[in-house]
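Protein chains in written order, with numbering that gives the first Met the number 0: chain A, 0 to 161; chain B, 0 to 92.
For the record, the hints were derived by calculation from the structure and aren't laboratory data. Since the structure is predicted, the reported quantities are computational estimates derived from the model, not experimental observations. Each residue gets a CB set at the ideal place from its N, CA and C atoms; glycine is no exception. Be aware that one or more of the hints could be misleading.
Computed far set for chain A versus chain B, every beta-carbon distance over 10 angstroms [claimed, not checked]:
id	residue
1	SER4
2	GLU7
3	GLU18
4	ALA57
5	LYS61
6	ASP64
7	ALA95
8	LYS99
9	THR102
10	GLU106
11	ARG109
12	LEU137
13	PHE157
Simulated crosslink set (EDC-like; lysine to aspartate or glutamate; CA at most 20 angstroms straight-line) [stated by the list, open to error]:
id	chain 1	residue 1	chain 2	residue 2
14	B	LYS25	A	ASP5
15	A	LYS99	B	GLU83
16	B	LYS91	B	ASP42
Pulled a few chain B residues facing chain A out of the computed Cβ check, cut under 7 angstroms [as the list claims (entries may be wrong)]:
id	residue
17	THR20
18	CYS21
19	GLY22
20	SER39
21	VAL43
22	SER64
23	CYS77
24	GLY80
25	PHE81
Letter by letter, the chains look like this.
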Amino acid sequence: MIEISDGEVEKLYNKLKKEAEDAGYFLNSDTEFTKGLVKSLLINEKRYGYWACPCRLASGVKEKDLDIICPCDYRDADLNEYGACYCALYVSEDVANGKKQVTSIPERRRANPLERQNNFPMSNLKYPVWRCRVCGYLCARDQPPMVCPICKAKQERFERMI
Amino acid sequence: MNFTKVPGRNRGKVLIYALSTCGWCKKTKQFLKDNGIEYSYVDVDLLQGDERDKIVKEVERWNPSLSFPTIVINDSLCVVGFDERKLRETLKI
Ligand code: SF4
């Protein structure tokens with residue numbers, strides 16, 4: 000069993016909450032449920048080395064799990080369609096304010112796999128354009144940023160678009 | 000077997016394929032417990048090697064998207080996700 004202290008959970012919870020709110024996202028206001036998920040992220044960090052989604056079966060191989068490292072590639076689409084991410088760690092504003100209830104939602108991952116794009120149309124742009132697969136942030140520069148300035152996803156979550 | 004049994008009133012064979020870290024899986028287990036229904040569960044993320052492969056195949060047979068929780072009732076009916084209404088209906092809660 001992996002032990003995680005309440006202090007560690009509290010610290011990450013506060014960090015995620017602040018980052019979410021600064022970027023226009025919301026954590027689930029059911030704090031007991033939410034802190035359970037935060038604890039699960041810490042457990043996954045210890046056993047896999049990265050924040051594998053708590054509600055999905057991780058392979059333990061980072062390259063295979065890239066799309067489900069929290070925040071996952073599917074979060075924003077699920078927020079739009081259902082008002083919550085698959086785990087309900089992140090919710091829409093209406094859900095956060097109690098105007099809408101959240102339930103367990105269908106899995107988007109296999110039903111609608113997102114293809115990794117790896118051939119680029121001929122481009123005469125001076126710089127390649129990179130897209131954050133988590134939030135859609137775009138930037139034109141030689142390499143993607145180390146951390147997405149919007150959603151804090153790491154560099155490895157960017158794909159080249161053009 | 001890898002299943003852990005939780006005692007309660009018998010409403011048929013209730014198997015929960017779960018993940019130890021998943022919030023909806025926890026809610027599902029808690030819901031059945033609160034309503035005193037007997038069930039068995041397995042946390043698939045805690046299994047390794049052949050054991051895990053075997054159980055993963057079992058889940059995929061019922062639920063090809065391999066999502067959790069997958070609840071199988073009487074080897075004949077499958078409920079995907081924490082669907083309180085469906086569970087109430089099927090288990091007569
Ligand atoms: S955003 Fe939600 S669904 Fe996606 S990995 Fe994080 S907790 Fe899981």
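Quick rundown of the hints versus the structure:
The non-interface label for A:SER4 is consistent with chain B: the shortest C-beta to C-beta separation is roughly 17 angstroms, beyond 10 angstroms. Non-interface call for A:GLU7 relative to chain B: holds, since the shortest CB-CB distance, roughly 15 angstroms, exceeds 10 angstroms. Against the 10 angstroms criterion, A:GLU18 stays outside the reach of chain B, whose nearest CB is about 20 angstroms from its own CB. Its closest Cβ contact with chain B, about 7 angstroms, brings A:ALA57 to no more than 10 angstroms, contrary to its assignment away from the interface.
With a closest Cβ-Cβ approach of about 16 angstroms to chain B, A:LYS61 is found to remain outside the 10 angstroms limit, as its non-interface label requires. Taking the minimum C-beta to C-beta distance to chain B, about 12 angstroms, the non-interface status of A:ASP64 holds against the 10 angstroms cut. Once the 10 angstroms rule is applied to beta carbons, A:ALA95 is consistent with being away from chain B; the minimum gap is 16 angstroms. Annotated as non-interface, A:LYS99 keeps its C-beta farther than 10 angstroms from every C-beta of chain B; the closest such distance is 16 angstroms.
With a least CB separation of 7 angstroms from chain B, A:THR102 falls inside the 10 angstroms interface cut-off, contrary to its annotation. The claim that A:GLU106 is not at the interface with chain B is violated, since a C-beta of that chain comes within 10 angstroms of its own (minimum 4 angstroms). Chain B draws A:ARG109 into its interface by the beta-carbon criterion, the shortest separation being 5 angstroms against a cut-off of 10 angstroms. Listed as a non-interface residue, A:LEU137 keeps its Cβ farther than 10 angstroms from every Cβ of chain B; the least gap is roughly 30 angstroms.
At roughly 26 angstroms from the closest C-beta of chain B, the C-beta of A:PHE157 stays outside 10 angstroms, upholding its exclusion from the interface. Taken as a hint, the B:LYS25 and A:ASP5 pair is honoured in the structure, with Cα atoms around 18 angstroms apart against an allowance of 20 angstroms. Distance restraint check for A:LYS99 and B:GLU83: the Cα-Cα separation of roughly 17 angstroms lies within the 20 angstroms cut-off, and the hinted pair is therefore satisfied. The suggested pairing of B:LYS91 with B:ASP42 is violated, with an alpha-carbon distance near 25 angstroms, which exceeds 20 angstroms.
At its closest, the beta carbon of B:THR20 sits 3 angstroms from a beta carbon of chain A; the interface hint therefore holds under the 7 angstroms criterion. Against a cut-off of 7 angstroms between C-beta atoms, the interface hint on B:CYS21 holds, since the closest Cβ of chain A lies about 4 angstroms away. Given hint, B:GLY22 at the interface with chain A, holds; its Cβ is 5 angstroms from that chain's nearest Cβ, closer than 7 angstroms. For the restraint placing B:SER39 at the interface with chain A, the shortest Cβ-Cβ distance is roughly 19 angstroms, beyond the 7 angstroms limit, so the hint is violated.
About 6 angstroms separates the beta-carbon of B:VAL43 from the nearest beta-carbon of chain A, less than 7 angstroms, and the hint is met. Satisfaction of the interface hint for B:SER64 is found here, the shortest Cβ-Cβ separation to chain A being roughly 5 angstroms, below the 7 angstroms cut-off. Because the beta carbon of B:CYS77 sits about 14 angstroms from the nearest beta carbon in chain A, more than 7 angstroms, this interface hint is broken. The interface hint given for B:GLY80 is met, as the beta carbon of that residue sits about 3 angstroms from the closest beta carbon of chain A, less than 7 angstroms.
Hint status for B:PHE81: holds, given a least beta-carbon distance of 4 angstroms to chain A, under 7 angstroms.
The structure fails hints 4, 9, 10, 11, 16, 20 and 23 (numbered hints given earlier, in ascending order).
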